[in-house]
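Undergrad: Under the numbering used here, the first residue of the sequence shown is numbered 652, with each subsequent residue one higher.
There may be inaccurate statements among the hints.
Quick list of the computed label-pair ranges, beta carbon to beta carbon [to be verified]:
id, residue 1, residue 2, range
1, E952, A1083, 52 to 60 Å
2, L1056, S931, 56 to 64 Å
3, L754, S843, 16 to 24 Å
4, S1053, A1083, 20 to 28 Å
Don't read these hints as lab results, they were simulated from the structure.
Here the structure is a predicted model, which is why all the values come from computation and not from measurement.
Ideal Cβ positions, reconstructed from N, Cα and C, are used throughout, including at glycine.
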Amino acid sequence: MIIGVCALFVCTSSLYSQNTFPSLDPVDIPCSGNANASPRQLMEAAIVLSGFSLESSQAKNALAVYDSLVTKLSSQYKDADSATRAEAVLTLMYDQVLTRYELPQSSMIVLFEKGTYNCVSSSVLYACLASELGLTVQPKKTTGHAFCQVNINGSWVSVETTNPYGYNPGQRKYVSEDSSRYAVVEARVYRSCLSCSLPMLVSLIAQNRAADAKNQGDYALSVQLMLDRLSLLQNAPTAEYEEALDSFLSACNNYAVNEQRQKNYVRALDWLILCKNKESRYWSDTLQSVYDNTLFNQCAEYLNAGKWEEASNFLDAYKKYASQTNVQRLSVLVFIKYIEETSYSLNPDAALEFLEQVKSNPLTEDKTISEKITSLMEYAWLKKINSLAETQGYLVAAQTASQALEKLPQNALLNRSLKACLENYAVQVHNAFATLANAGKYTEARRLLDEGLANYPNSTVLQRDSKSLSSMGY
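Could you put the whole structure together from the sequences, leaning on the hints where they help?
TA: Written out as structure tokens, the structure is:
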């Protein structure tokens, strides 16, 4: 089975806390980057990608078994025709090593120790052994399967390595000496079946292990395995190298996203910075997007908690690697929170003075900030107007509203506030007028009305009162 590694598609410390991050240096693979590696070197690479040093006892034992298979095949079939040699390799694999198929089992060590295999590990073994016998092998891979083809007299013959009778599927294979029993392995046509190099076939071991690691939440191991795979394929055909690079970058992305999901924003960012600084090829538009999203999420968390200073400091620390668009966006949000929190903490006069001073900042050219300043000034003026209405009366409040409209012309809320203050002022004058008129103090009532109309000449209430008083001769 071939498992793809898919991308996951969102307390401050110092930068580059790299001591606990996956290594960005691949392990030592014997034939790394060698497009002309020998079959044994490829087997050694397969063992290393299975997670074992060549100095380990497991690796030495596995290679001893491999060497014994090569010796047997060479001694018995060296001079045989290509078809006999090709089928003999598969037969010997099942006679000497392979015992049980398990879908997720890609490890070459497990294959040699327990006989457990899958399509990848058995194809690697077949490809190496057949190549040792001088056969030309063409590995094949599909979305979820791998097998081999071998060149027999100019024609390609398929080998389903997961079946002891898988040589040339569709043909009868007699399994008894008297030819009374036979087996037929179905010949299958795979969609999206691609030829690949022997190193690419070997690299599928690391790909499968990386997918298993990701599924188990071990994103660090997934990164390391994909890096080792990339190292093996660094001189492979362009398409294979680019596939390996994309898979590695996907693993790096998954590691960062996993940290971000746990709100380990600093670790996610520091990890991405390590990738970017290591090599230019270790960066992509996707990783840039993850970096920007992570930076945004941490700053947003600070801002939502009212901690604009922390957000500002964090942005300053990590903006070097962020996209200019994201830096501008966050700078606007931080500045808005700054003026918002500051103005709310001041009395109306101090807030208005502060907001006037803020207008000199170049950031206020941003439409969002400009609109926010207007909104905050509106809020401060209304707060001042309401306070004056309670303490000094509606006329003073109305006069202040008029001043506010000089600063913020045609502001709907301030216009409504001015009108409300004047109407309430007119009601107060009317009530006082009525009290005086009812007491027969018409001269005082007239003086009061004239003053009220001078302050609010458009008041229909006061105009009506004035007309009524005039009809009485006052």
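Undergrad: It remains to establish, for every hint, whether it holds in the given structure.
TA: Results for each hint:
no., hint, result
1, E952 - A1083: 52 to 60 Å, "56 Å, holds"
2, L1056 - S931: 56 to 64 Å, "57 Å, holds"
3, L754 - S843: 16 to 24 Å, "19 Å, holds"
4, S1053 - A1083: 20 to 28 Å, "23 Å, holds"
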